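Colleague: Single-letter residue listing:
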Amino acid sequence: AQSVTQLDSHVSVSEGTPVLLRCNYSSSYSPSLFWYVQHPNKGLQLLLKYTSAATLVKGINGFEAEFKKSETSFHLTKPSAHMSDAAEYFCVVSDPLNAGNMLTFGGGTRLMVKP
Amino acid sequence: NAGVTQTPKFQVLKTGQSMTLQCAQDMNHNSMYWYRQDPGMGLRLIYYSASEGTTDKGEVPNGYNVSRLNKREFSLRLESAAPSQTSVYFCASRKPTGSSEAFFGQGTRLTVV
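Protein sequences, first through last, are from chains A and B.
Taking the numbering used here, the leading residue of the first sequence gets 159, the next gets one more, and so forth.
Taking the numbering used here, the leading residue of the second sequence gets -9, the next gets one more, and so forth.
Looking at chain A on its own, in the form it has when it is part of the complex (with noise of 0.2 angstroms):
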């Protein structure tokens, strides 16, 4: 079975400084692993997405994630936050031996970004 754990609830940094949002997964299988952002009374909308080609994956905004087969970890990084990156993050994993093609989602983090 697959699972995620996104490790913290909430983060919140200043405006210019680093951001890291962490994710772990589990699954059986070589997974897919995604990030998607949800801004407030919005839809959801990919940032970026690994499967199995490079293990640092450029997403839109500045977003960058590397993922670590070792550390079955798959954290979301920006060098420099924007007061625009406030919203909700969630990291997602599909294990393509799951049936139906599942993404599973973890609990999200919301990042809050100060002055």
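By construction, these hints were calculated from the structure, which means they are not laboratory data.
If you're wondering where the values come from, they're calculated on a predicted model, not measured in any experiment.
Even glycine gets a Cβ: it sits at the ideal position worked out from N, Cα and C.
Treat the hints loosely; a few may be bogus.
Said to hold, decoys possible - Simulated DEER-style distance windows between Cβ atoms:
id, chain 1, residue 1, chain 2, residue 2, range
1, A, Ala212, B, Pro73, 43 to 49 angstroms
2, B, Lys85, A, Leu214, 46 to 52 angstroms
3, A, Lys216, B, Pro29, 43 to 49 angstroms
4, B, Val2, A, Tyr187, 39 to 45 angstroms
5, B, Val2, A, Glu173, 36 to 42 angstroms
Claimed, not checked - Using 20 angstroms as the maximum straight-line C-alpha spacing, the simulated SDA-like pairs for lysine to any residue come out as follows:
id, chain 1, residue 1, chain 2, residue 2
6, A, Lys200, B, Ser89
7, A, Lys200, B, Gly32
8, A, Lys200, B, Val2
9, A, Lys200, B, Thr101
10, A, Lys227, A, Ser188
11, A, Lys200, B, Glu91
12, A, Lys207, B, Leu59
13, A, Lys272, A, Gln160
14, A, Lys226, B, Val2
15, A, Lys200, B, Val78
16, A, Lys200, B, Lys47
17, A, Lys200, A, Met270
18, A, Lys200, B, Lys(-1)
19, B, Lys(-1), A, Gln203
20, A, Lys200, B, Pro29
21, A, Lys207, A, Leu178
22, A, Lys226, A, Arg180
23, B, Lys47, B, Leu59
24, B, Lys47, A, Gln160
25, A, Lys200, B, Thr(-5)
26, A, Lys200, B, Leu59
27, B, Lys(-1), A, Asn199
28, A, Lys207, B, Glu91
29, A, Lys227, B, Ser89
30, A, Lys200, B, Val103
Given the coordinates of chain A, work out where chain B should sit on it, guided by the hints.
Modeller: Same frame as chain A, but now just chain B:
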């Protein structure tokens, strides 16, 4: 490009009432999903349809039914609404490969009083 369209966007129901949430996608995706989002719990899968003509239970199916009407449309029905079903509901679709991303609708905010 419409993508995934959900209706309605907002709904208030009384306990015991029924309703159907509609979802349609125009990307020719085989797989469609219904999730509910509750604070601190991420998105939890209610039902999914891996392909036209098939539906299966997800993590939290109790109190819901679904219909995959055709390849484009996947509806979610609450037969007898309960306050515990107050939530934000998202429909999603994706191609039938593990590496493909899901595309989400804008959500339906449902309140059961």
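Colleague: Hint by hint, say whether it matches the structure.
Modeller: How the hints compare with the structure:
no., hint, verdict
1, A/Ala212 x B/Pro73: 43 to 49 angstroms, "holds, 47 angstroms"
2, B/Lys85 x A/Leu214: 46 to 52 angstroms, "violated, 24 angstroms"
3, A/Lys216 x B/Pro29: 43 to 49 angstroms, "violated, 30 angstroms"
4, B/Val2 x A/Tyr187: 39 to 45 angstroms, "holds, 43 angstroms"
5, B/Val2 x A/Glu173: 36 to 42 angstroms, "holds, 38 angstroms"
6, A/Lys200 x B/Ser89, "violated, 24 angstroms"
7, A/Lys200 x B/Gly32, "holds, 14 angstroms"
8, A/Lys200 x B/Val2, "holds, 19 angstroms"
9, A/Lys200 x B/Thr101, "holds, 17 angstroms"
10, A/Lys227 x A/Ser188, "holds, 9 angstroms"
11, A/Lys200 x B/Glu91, "holds, 18 angstroms"
12, A/Lys207 x B/Leu59, "violated, 30 angstroms"
13, A/Lys272 x A/Gln160, "violated, 35 angstroms"
14, A/Lys226 x B/Val2, "violated, 44 angstroms"
15, A/Lys200 x B/Val78, "holds, 11 angstroms"
16, A/Lys200 x B/Lys47, "violated, 26 angstroms"
17, A/Lys200 x A/Met270, "holds, 16 angstroms"
18, A/Lys200 x B/Lys(-1), "holds, 11 angstroms"
19, B/Lys(-1) x A/Gln203, "holds, 18 angstroms"
20, A/Lys200 x B/Pro29, "holds, 14 angstroms"
21, A/Lys207 x A/Leu178, "holds, 17 angstroms"
22, A/Lys226 x A/Arg180, "holds, 12 angstroms"
23, B/Lys47 x B/Leu59, "holds, 17 angstroms"
24, B/Lys47 x A/Gln160, "holds, 16 angstroms"
25, A/Lys200 x B/Thr(-5), "holds, 13 angstroms"
26, A/Lys200 x B/Leu59, "violated, 26 angstroms"
27, B/Lys(-1) x A/Asn199, "holds, 11 angstroms"
28, A/Lys207 x B/Glu91, "holds, 8 angstroms"
29, A/Lys227 x B/Ser89, "holds, 17 angstroms"
30, A/Lys200 x B/Val103, "violated, 23 angstroms"
Consistency with the previously given hints fails for numbers 2, 3, 6, 12, 13, 14, 16, 26 and 30, ordered from lowest to highest.
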